[in-house]
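Chemist: Same order as they appear, the protein sequences are chains A and B.
FYI, this note's numbering numbers position 223 of the first sequence as 223, with every residue one higher than the one before it.
FYI, this note's numbering numbers position 68 of the second sequence as 68, with every residue one higher than the one before it.
Just so you know, not all the hints are guaranteed correct.
Selected chain B positions facing chain A (in silico; Cβ < 8 Å) [what the hints assert, rightly or not]:
no.: 1; residue: R12
no.: 2; residue: E14
no.: 3; residue: E16
no.: 4; residue: T45
For the chain B half of the interface with chain A, some residues (derived, Cβ under 7 Å), not all of them [said to hold, decoys possible]:
no.: 5; residue: Y19
no.: 6; residue: Y44
no.: 7; residue: N48
no.: 8; residue: K50
Calculated from the structure, these hints are not laboratory results.
For every residue, glycine included, the Cβ atom is placed at its ideal position computed from N, Cα and C.
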Amino acid sequence: MFRQRFSGLALIRRGLTGHRDWQPHWRKAAPLASYDAVIVGGGGHGLGAAYYLAREHGLTRVAVVEKGWIGGGNTGRNTTIIRSNYLFPQSAALYDHAVKMWGELSQVLNYNVMFSPRGVMMLAHTVHDVQVFKRHVHANRCAGVDNEWLEPEQAKAFCPPLNIGSDIRYPVLGAALQRRGGTARHDAVAWGYARAADALGVDIIENCEVTGIRRDSAGAVEALETSRGLIRTRKVGVSAAGNTSVVMAMAGVRLPLESYPLQALVSEPVKPVFPCVVMSNTIHAYISQSDKGELVIGAGTDAYTSYTQRGALHVNTHTLDAICELFPDFRRLRMLRNWGGIVDVTPDRSPIIAKTPVPGLYVNCGWGTGGFKATPGSAHLFAWTIARDEPHPINAPFNIERFRDGHLIDEAAAAAVAH
Amino acid sequence: MLLIPCPHCGPRPELEFSYGGEAHIARPRQPAELDDAAWANFLYTRRNTKGAHAERWRHARGCGRFFNVLRDTTSDKILTSYPVGAPRPDPRAADSAAPESAR
Numbered sequence: 001m002f003r004q005r006f007s008g009l010a011l012i013r014r015g016l017t018g019h020r021d022w023q024p025h026w027r028k029a030a031p032l033a034s035y036d037a038v039i040v041g042g043g044g045h046g047l048g049a050a051y052y053l054a055r056e057h058g059l060t061r062v063a064v065v066e067k068g069w070i071g072g073g074n075t076g077r078n079t080t081i082i083r084s085n086y087l088f089p090q091s092a093a094l095y096d097h098a099v100k101m102w103g104e105l106s107q108v109l110n111y112n113v114m115f116s117p118r119g120v121m122m123l124a125h126t127v128h129d130v131q132v133f134k135r136h137v138h139a140n141r142c143a144g145v146d147n148e149w150l151e152p153e154q155a156k157a158f159c160p161p162l163n164i165g166s167d168i169r170y171p172v173l174g175a176a177l178q179r180r181g182g183t184a185r186h187d188a189v190a191w192g193y194a195r196a197a198d199a200l201g202v203d204i205i206e207n208c209e210v211t212g213i214r215r216d217s218a219g220a221v222e223a224l225e226t227s228r229g230l231i232r233t234r235k236v237g238v239s240a241a242g243n244t245s246v247v248m249a250m251a252g253v254r255l256p257l258e259s260y261p262l263q264a265l266v267s268e269p270v271k272p273v274f275p276c277v278v279m280s281n282t283i284h285a286y287i288s289q290s291d292k293g294e295l296v297i298g299a300g301t302d303a304y305t306s307y308t309q310r311g312a313l314h315v316n317t318h319t320l321d322a323i324c325e326l327f328p329d330f331r332r333l334r335m336l337r338n339w340g341g342i343v344d345v346t347p348d349r350s351p352i353i354a355k356t357p358v359p360g361l362y363v364n365c366g367w368g369t370g371g372f373k374a375t376p377g378s379a380h381l382f383a384w385t386i387a388r389d390e391p392h393p394i395n396a397p398f399n400i401e402r403f404r405d406g407h408l409i410d411e412a413a414a415a416a417v418a419h
Numbered sequence: 001m002l003l004i005p006c007p008h009c010g011p012r013p014e015l016e017f018s019y020g021g022e023a024h025i026a027r028p029r030q031p032a033e034l035d036d037a038a039w040a041n042f043l044y045t046r047r048n049t050k051g052a053h054a055e056r057w058r059h060a061r062g063c064g065r066f067f068n069v070l071r072d073t074t075s076d077k078i079l080t081s082y083p084v085g086a087p088r089p090d091p092r093a094a095d096s097a098a099p100e101s102a103r
């Protein structure tokens, strides 16, 4: 299937010959006149959906069209946190579907996505936090998802740099720990899915912007107009994150989405100092250490909608205030880079993976500030929905009609903050 | 950080304001007469405009008043601000009509 299979032996063999005969991971495809299905958006979710369409549903004439380069949007801009300890059973099932797939993803794709289940610890700073997190722990146990409550001393033992002193503005009153949570290498996820999809015959078409969606007399999708010509197809899966509203408007579909800038930043690289992922929703700090040694820090969203892929500096300094208080050792670290991505947020902070009112048009959106963790599961379920023209039982609740019918999956209210 | 031209107080840093979302969404006069789809549309569906976006801001740590802003969401440039109740300005005309402080 792969032209070159990656293995330790292959690495040694090519190491002895100067690494000269490695091949590109995927072809530079030009669009054909027609496909069985086209995915709009070459991030992890879209590339993964194309891969599962080819591998599990036997669709071989599949294309991914991406207006920039693959993995250049939110897949390359997030802080790579993976966890599944959500409150509601629908969410826990959705995110845990992904966590289970993360564990074997490197083997399945023959590509090291560097999944590292090092544990995700969410800090509680107020009595309200403590009550909410304990409720999460109990709900997760009922749903078969691991999540445990730690007292401050136990949290400190799990993450030694943590300041659990009582003299800080928001003292640590405890933490919820999901040991199966962790991080993965975000670029590798995009590249691994792209390479595996390409090996199954999927065309990955970069620098190809969708400019229109053509529909037949019955209203069904019949073609995509793109900057690289007309592509005929009866099935279109839109997986365009912050630009979903723009693409869906081409088919006359309006969604309950708003796009906000979300920022992240990294420090200068240092030796291993941070053993896990720590999140504090209450005071907006998300931190882990990459294998390169940089501290990867997530900040909050800006207050206003925007498509600029940047945000205001005061949002970052707000997060660094919290980091410096929780981890005083890091006060003298210098920050190397900061950037923004555009996240599409739904009113209940749960995603939409669903059919749309337009026949042949499917959408996977609304992942807001936390889509990376769901990449394999989301892609798998989206492919199922596209191929069978009906949702998988796991993503059936994540439809568009829930906003009309009042069946919200209100993780926004459950977390009381961005998550 | 945005420098937001409050029509009442002049240009002030974004930190003094709170964002109020898309402007010109009128609450239905008879909500009970709406069907579920129309009510959901009022509550949740937004234009999410890529380009000139009319939005509400409140000068929460200043005069406390609501007003509207026309902002280009592809550049975050504020095109103009105008009082609540006034019609949405034409974005092409708004740039030259903006108060000096907003340019």
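Chemist: Against the structure shown, which of the earlier numbered hints fail to hold, in ascending order?
Modeler: 1 and 3
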